Amino acid sequence: MIVENDLTNRKKIYLAVLIALFLLASALVMFTWFPSPSEILWGGILVVWVLIVVFWLSKIVSRKWNKYVARKFIHFFTGGLVAVIAPYIFEVPTIPVLGALFMALVTVAPRIWNKDLDWFQIEKNFGDTWFCISFAILFLTFWYIDKVIAITAALFMAVGDGITGIVRNKVYKRHVKGFWGSVAMLIVSAVIGVLYKGIPGVVTAIIATIIEKIPLIDDNISVPLVSAGVLYIIPFLMP
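Under the numbering used here, the first residue of the sequence shown carries the number 1, and numbering increases by one thereafter.
Calculated from the structure, these hints are not laboratory results. Remember, predicted model here, so these are calculated numbers, not experimental data. Beta carbons: idealized from backbone N, C-alpha and C, even for Gly. Do not rely on the hints blindly, as some may be mistaken.
Pairs of lysine-lysine residues, derived as DSSO-like cross-links and limited to a Cα-Cα distance of at most 27 Å, are as follows [said to hold, decoys possible]:
1) K170 <-> K64
2) K170 <-> K67
3) K64 <-> K115
4) K124 <-> K213
5) K124 <-> K59
6) K67 <-> K115
7) K67 <-> K213
8) K170 <-> K213
9) K59 <-> K115
10) K64 <-> K177
11) K170 <-> K124
12) K64 <-> K124
13) K67 <-> K124
14) K67 <-> K177
15) K213 <-> K177
16) K11 <-> K124
With beta-carbon atoms standing in for the labels, derived distance ranges [to be verified]:
17) I19 <-> I233: 34 to 44 Å
18) K124 <-> F76: 20 to 30 Å
19) P239 <-> A25: 32 to 42 Å
20) W49 <-> P239: 42 to 52 Å
21) A27 <-> P110: 19 to 29 Å
22) W180 <-> I217: 17 to 27 Å
23) N9 <-> Y88: 41 to 51 Å
24) F76 <-> P110: 15 to 25 Å
25) V17 <-> I52: 20 to 30 Å
26) V183 <-> I217: 18 to 28 Å
27) P235 <-> K12: 44 to 54 Å
28) I199 <-> A20: 44 to 54 Å
29) G198 <-> K124: 34 to 44 Å
30) M238 <-> P87: 22 to 32 Å
Could you put the whole structure together from the sequences, leaning on the hints where they help?
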């Protein structure tokens with residue numbers, strides 16, 4: 001009983017620390033870039049939409065197919081959607097950044113209590129949380145440098161890697177980094193790249209596809225952050 005109580009107390013402390021970090025980050029970002037009322041309204045709408053996707057629509061997808069397809073469905077209709085529309089409805093990065101950090105908290109908190117959101121989460125795989133954190137880093141870092149870098153890198157992960165999972169599920173019927181999944185990612189990412197960044201975008205799409213195959217770091221971290229770095233550096237290397 002004592003051991004169980006100690007474990008429960010530690011879990012409460014972990015959760016309290018995460019909430020405190022989120023509140024601190026929120027205060028700092030809000031102080032730096034305070035959003036307009038319309039941005040706050042849009043933020044509320046998008047948070048509700050993302051929660052609907054995560055806690056309702058993805059369950060339907062998971063029941064019809066499986067949790068791997070549900071994960072990619074979430075990629076498409078949360079991070080992918082927000083990345084595309086964010087520059088048109090937000091003047092400052094506050095809402096996209098805080099929304100992503102909030103969802104990172106939402107996805108990791110149940111794991112502290114060993115209650116995974118099992119219709120899309122995989123045991124000991126924190127990809128969904130890393131995806132949220134990477135999204136926040138992209139928009140926090142590149143909003144005032146080049147928004148298109150953040151959008152493109154986020155879409156490589158949300159849509160490019162997302163379509164990879166769908167194809168792999170269809171072709172291989174299991175979670176595996178197969179050849180045809182990579183081909184699908186390359187094609188989709190190249191289209192995204194050329195639309196947003198031209199030839200440098202295509203070059204980066206190729207690099208992103210290669211990075212996705214490397215298992216050393218979760219691809220929800222490596223693909224968007226490496227892609228953003230490459231997109232930023234390429235112009236300095238061009239004559």
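Evaluation of the provided hints:
As the CA atoms of K170 and K64 are separated by approximately 13 Å, the hinted pair is consistent with the 27 Å bound. Proposed proximity of K170 and K67 is supported: the alpha carbons are some 13 Å apart, at most 27 Å. About 22 Å separates the Cα atoms of K64 and K115, which keeps this hinted pair within 27 Å; it holds. Note on K124 and K213: the hinted pairing holds, with a Cα-Cα distance of about 19 Å set against a maximum of 27 Å.
Taking the CA atoms of K124 and K59, the gap is about 20 Å. The hint holds against a cut of 27 Å. Annotation: proposed proximity of K67 to K115 holds, straight-line Cα distance about 15 Å (limit 27 Å). For the proposed pair K67 and K213, the alpha carbon gap of about 20 Å is at most 27 Å, so the pair holds. For the suggested pair K170 and K213, the alpha carbons sit about 18 Å apart, so the restraint of at most 27 Å is met.
Restraint check: the Cα-Cα separation between K59 and K115 comes to about 15 Å, which is no more than 27 Å; the hinted pair holds. Proximity of K64 to K177 is assessed by CA-CA distance (about 22 Å); at most 27 Å being required, the pair is judged to hold. Distance check on the hinted pair: K170 and K124 sit about 24 Å apart at the alpha-carbon level, within 27 Å; holds. For the suggested pair K64 and K124, the alpha carbons sit about 24 Å apart, so the restraint of at most 27 Å is met.
Taken as a hint, the K67 and K124 pair is honoured in the structure, with Cα atoms around 14 Å apart against an allowance of 27 Å. At most 27 Å may separate the alpha-carbon atoms for a hinted pair to count; K67 and K177 meet this at roughly 16 Å. The suggested pairing of K213 with K177 holds, with an alpha-carbon distance near 7 Å, which does not exceed 27 Å. Simply put, K11 and K124 have alpha-carbon atoms about 17 Å apart, close enough for the 27 Å limit, and the pair holds.
The hinted window of 34 to 44 Å between I19 and I233 holds, with their beta carbons roughly 36 Å apart. Range check, K124 to F76: about 24 Å between beta-carbon atoms, so the 20 to 30 Å window is met. Range check, P239 to A25: about 40 Å between beta-carbon atoms, so the 32 to 42 Å window is met. A beta carbon spacing of about 44 Å between W49 and P239 agrees with the range 42 to 52 Å that was offered as a hint.
Distance hint check: the CB atoms of A27 and P110 are about 25 Å apart, consistent with the given range 19 to 29 Å. Taken as a hint, the range 17 to 27 Å holds for the pair W180 and I217, whose Cβ atoms sit roughly 23 Å apart. A beta carbon spacing of about 46 Å between N9 and Y88 agrees with the range 41 to 51 Å that was offered as a hint. With their beta carbons about 22 Å apart, F76 and P110 fall inside the hinted range of 15 to 25 Å.
For V17 and I52, the hinted distance range of 20 to 30 Å is satisfied, since their beta carbons lie about 28 Å from each other. V183 and I217 have their C-beta atoms about 22 Å apart, which keeps the hinted 18 to 28 Å range intact. Taking the beta carbon of each, P235 and K12 are about 48 Å apart, inside 44 to 54 Å as hinted. For the pair I199 and A20, the supplied restraint of 44 to 54 Å holds, since their beta-carbon distance comes to about 45 Å.
A C-beta distance of roughly 39 Å is found between G198 and K124, which places it inside the suggested range of 34 to 44 Å. In this structure the hint that M238 and P87 lie 22 to 32 Å apart at CB holds, the actual value being about 24 Å.
When held up to the earlier numbered hints, the structure conflicts with none and fits them all.
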